[in-house]
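First residue of the sequence shown: 24, per my numbering; consecutive thereafter.
Read the hints as simulated data drawn from the structure, not as lab findings. Small disclaimer: the values here were computed from a predicted structure and weren't measured. Heads up, the beta-carbon is just placed ideally off N, CA and C, and yes, glycines get one too. Incorrect hints may have been included.
What follows is a list of derived Cβ distance ranges for each label pair [what the hints assert, rightly or not]:
1) GLU79 to TRP58: 20 to 30 Å
2) PHE51 to ILE98: 18 to 28 Å
3) VAL52 to ILE102: 46 to 56 Å
4) LEU49 to GLU79: 44 to 54 Å
5) ILE98 to VAL52: 35 to 45 Å
6) ALA93 to TYR66: 38 to 48 Å
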Amino acid sequence: MAFTSYLMIHCRKATELGERRELEPLTFVEQAGLWFHTRMCKYCKAYLAQSEVIDEHLQERLGPPVDTEALEARILSGIER
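Given these sequences and hints, build the entire structure.
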């Protein structure tokens, strides 16, 4: 009983974990809590699915991320001249 209550997370935490998993890996407990929550909450499941679609469309539209280190070096070399 204590294990399942440990995995029960609120919708706010589920959406936070869903967004954060795109940026960094989640711990096993966080992954399990998110999985468990989305099996019971159709609203969070729909939100996370829509969020993934939006992210995919933004990546297609914006292209690959810019290499900021190379850009910074180019700007700094232009300033030093």
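Hint by hint, here is what the structure shows:
1. A beta carbon spacing of about 21 Å between GLU79 and TRP58 agrees with the range 20 to 30 Å that was offered as a hint.
2. Between PHE51 and ILE98 the beta carbon distance is about 42 Å. The supplied range of 18 to 28 Å is therefore violated.
3. Remark: the range hint 46 to 56 Å for VAL52 to ILE102 is upheld by a beta-carbon distance near 47 Å.
4. Checking the proposed 44 to 54 Å range against LEU49 and GLU79 shows it is violated: the Cβ atoms sit about 20 Å from each other.
5. The beta-carbon spacing between ILE98 and VAL52, approximately 42 Å, falls within the hinted interval of 35 to 45 Å.
6. As the Cβ distance of ALA93 to TYR66 is approximately 42 Å, the hint placing it in 38 to 48 Å holds.
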